[in-house]
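Student: Residue strings, one per chain:
2 protein chains.
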Amino acid sequence: MATGNVASELIERHRATLDKALEAIRTREYWSPFPEHPKAYGETGPADGKAAFESNLNRDFELAQPGETGERVGGEVSPYGIELGVTYPRVDADVLIPAMRAGIPAWRDAGPGLRAAVSLEILARINARSHELGHAIMHTTGQAFTMAFQAGGPHAQDRGLEAVAYAYAEQTRTPVEAPWSKPQGKREPLEMRKAFTAVPRGLSLLVGCNTFPTWNGYPGLFASLATGNPVLVKPHPRAVLPLALTVRIAREVLAEAGFDPNLVALAAEAPGEGLAKTLATRPEVRIIDYTGSTAFGDWLETNARQAQVYTEKAGVNTVVFDSTDDYKGMLGNMAFSLSLYSGQMCTTPQNLLIPRDGIDTDAGHKSYDEVVADLSTAVEKLLGDDVRANALLGAIVNPDVLARLDAAKGLGEVALASREVKNPEFPEATVRTPVMVKLDASAPDDRAAYLSECFGPVSFAVAVDSTAAALELLRRTVTEKGAMTVGAYTTSPEVEAGLEEVCLDACASLSLNLTGGVYVNQTAAFSDFHGTGGNPAANAALCDGAFVANRFRTVEVRRHV
Amino acid sequence: MATGNVASELIERHRATLDKALEAIRTREYWSPFPEHPKAYGETGPADGKAAFESNLNRDFELAQPGETGERVGGEVSPYGIELGVTYPRVDADVLIPAMRAGIPAWRDAGPGLRAAVSLEILARINARSHELGHAIMHTTGQAFTMAFQAGGPHAQDRGLEAVAYAYAEQTRTPVEAPWSKPQGKREPLEMRKAFTAVPRGLSLLVGCNTFPTWNGYPGLFASLATGNPVLVKPHPRAVLPLALTVRIAREVLAEAGFDPNLVALAAEAPGEGLAKTLATRPEVRIIDYTGSTAFGDWLETNARQAQVYTEKAGVNTVVFDSTDDYKGMLGNMAFSLSLYSGQMCTTPQNLLIPRDGIDTDAGHKSYDEVVADLSTAVEKLLGDDVRANALLGAIVNPDVLARLDAAKGLGEVALASREVKNPEFPEATVRTPVMVKLDASAPDDRAAYLSECFGPVSFAVAVDSTAAALELLRRTVTEKGAMTVGAYTTSPEVEAGLEEVCLDACASLSLNLTGGVYVNQTAAFSDFHGTGGNPAANAALCDGAFVANRFRTVEVRRHV
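Going line by line, the protein sequences match chains A and B.
So the first sequence is numbered by the UniProt record's numbering: it starts at 1 and just counts up by one.
So the second sequence is numbered by the UniProt record's numbering: it starts at 1 and just counts up by one.
Just so you know, the hints here were simulated from the structure itself, not pulled from any lab data.
Identical copies go unnamed one by one, so any copy, or any two together, can satisfy a pair.
Simulated crosslink set (DSS-like; lysine-lysine; CA at most 25 Å straight-line): (1) Lys186 <-> Lys328; (2) Lys182 <-> Lys328; (3) Lys186 <-> Lys39; (4) Lys39 <-> Lys20; (5) Lys182 <-> Lys39; (6) Lys366 <-> Lys328; (7) Lys366 <-> Lys438; (8) Lys366 <-> Lys381; (9) Lys381 <-> Lys438; (10) Lys20 <-> Lys182; (11) Lys438 <-> Lys409; (12) Lys409 <-> Lys381.
If we strip away everything but chain A, and leave its shape as in the complex, we get:
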């Protein structure tokens, strides 16, 4: 356990940040303590970070965890074509898990304040290594560097800090001690002293994802750690390094603060081993955080019954086009949303619902065909320059995405063809511009396509009979298939009200008339919730009270005074 000095120094060091974070989640105003500009990390930051990343390559990644079997697993290959050559220890869960649980009492007794401070110290050290992490994320997810740096670095750190703030707020709603005095008429009052302790549920398992290992992983990791639970990190076999670095930093900070470093550990596996299934159903595992396919999310919810399971699964994101007073802004905004990271985001729009009679705009009435053509042209223009295209698209993360992209051509008339982009720095990278396919909501044969998630750079320009029909299709899509995001363009207050009603009823968040530098596929920590947790795309939102409140329980001890 931390000595008093170490503890109070840590708490003091991070008090202002925690207070600001607590204020931000109350006000939902813009705030971040982690600069998103790569240049904000010192003159030598970029070069040092790149060198640090490279120093990890082609060697054994050491963690010194209990239960390491001596075997090594690895085999990450960058979507940019580099073999990372990093190996990770294989662990025996029967040894590692009891060792992780051994640290619980001291971590629990530390209390919410010290746990938050230790968590913030971990985040601060992660932040200082954002460049190194940026490269690790780039070469596991295929994100272009700037996005890998920002989304996987400071933005992911924001989401982790947000989770710590919610966890702290939740645990401190009940005082540590309270007097209780009940009047008894003329007799002496009944007097009690009550103590309340936040106790962890048990072991927390993070099942990492390939595309956003840190952004989607940090909320669960830090929510569980800050509420007293040890966290076992099972990374995606293709995106181990970003979480391995995270785990190593967490272990260092825990040990320095006087806690058991095994409160955070890594369980890497070779591709195809199915380690998540084995771990998820162990009785010690009481919390699971997962981002990935609907099939495995459903499997976890059905089978890991001993655990609280937080899942983010597939969804079908929709944008409704009704009318706009900034046609150019709309086209530019949508082109960016469809292109960013080759559409490999759970928040990328897929179904673009456009009335077959067209839409009214400040540039005149535009027919369905004109809107589709103009959207296609906007994407082509945005990605016309290969340097910019590479910087926006990143690389295709895996062959499944490429297969879906290729198959999309066969689903309908291609409005926007995908093209191959050369990456001069990484000639082996698979870089593709998005495809857009025309579908018709009235054609029964098209239904299967627009009512399934087609994860990757594929969108469907779905012709609908009217805006009212678009709203009905939106409601059906969200209710049946789920959605992480909904966008819409309209100048009509009635349509706006109708959209809001559908989104409130089907429980999806709505971005209205985005024409500038905010995109439907991006959410900002402390202000925007990521997902609602109320439709099939996810059973939890990042981050709210429900995301943290059941990761711990309160034990009361009461005595007579």
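For this one, chain A is given, so just place chain B on it according to the hints.
Tutor: Leaving out everything else, chain B in the frame of chain A:
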């Protein structure tokens, strides 16, 4: 929807109560707006309440709900021997449920403040009818009148109000609207306006219990209603009237406030119909609150996968005897705890763990046999007078409890025999004093008895090798079987620390050295949590953030400024 005047008048009327409740859940100090003394309800309150109760008997209970089939169900028989003769409408869920959902948009749009005010008005009207409800609870649960009045009246109302306060606090953590301005260096900042709406999950189902229909029912009912969900109440077939009265009051208040009365409805059934199963798996049902057997609780958790399921199930409550400096107080306190409502509480102690070498007390060392004999004598003395016995014991609620009481004699040496008590006012009431049976923790044959819940007036004086052995058995019992309460008597700081460690680790709340007017089986709203939600006895605590946070979701709508 409520007109502005009605809405603001309701909010004003209940603002101070809500503010006090919000303060009480923060400070955990003693507070209640609902007087627990029967005399506090006016000079004619008791007689009026009794008359009101009687006016319900032998007639059709009218609710005017959609989907009533014309058939009537009923058949409640008081544990005191009276046939209530009340019939309730049978409803067609296929008609009723859509009608209940129709009220959602207006109730959602009312917002957390008005929903809290309407909920508090319902509670205030229920409170005014506490005497009527007290008789209804007495004659369905078998509780003696004073307990039925207090626990089923003001104390249940406290728990309902507590849930409303948590629901309000949770929904108002996020502002209704927030500006967002992100600096962009030398360019104009990105400016957004964001709106956040708490939206309900959907239909909430309350599966009522026989012994505490209101106390165990109000938290879920009011938590769901205050977070915007319609609530369908499926009472236990033997305890319909208390919840039917509650539903009728709720419907009246909702209608007066301009909302759809069908936001709260009753689905009564004849015994053995299994209506809860049918309703619980309907897709519209998104929340379930249940108190009752482990078997059906587990069934709900396994099968009602479309819903958030909050269950309170069986547990094995333990009291550890190590030492005391108030032997007489300990005996008196325990005798009361074992006797109250014939032990028919989920919080009644069952296993009394007593070292076989005895315990040190202020009255000298007491052997195991002496402690058991003195506890038995204390119970006999407490219940020696039939008037007091009837007032404490109430009546046996159902034949299963009686059967368990009779069977207990065969489990071991009887230390305290149960006796029949005559109730002069209700000669047909089944009234029994508790039985205490000696068991030995070292005897393998005794294990099945002390490691299962034996709900009713049965306790086991379990001889253990030492206090350390008691702690290990306590840990095992809570971990494997769950516990709503743990009690302990010790004068040793080391033993106290050991007890706290076991309770923190196994996640059970602990009452230490109760020797006065506070009993291990009673918890006070706003201060004590009922259960922890972290051991097998219950998956939720009454009431905390986790109990309300997932009954609603937040939908965000964001726009450029």
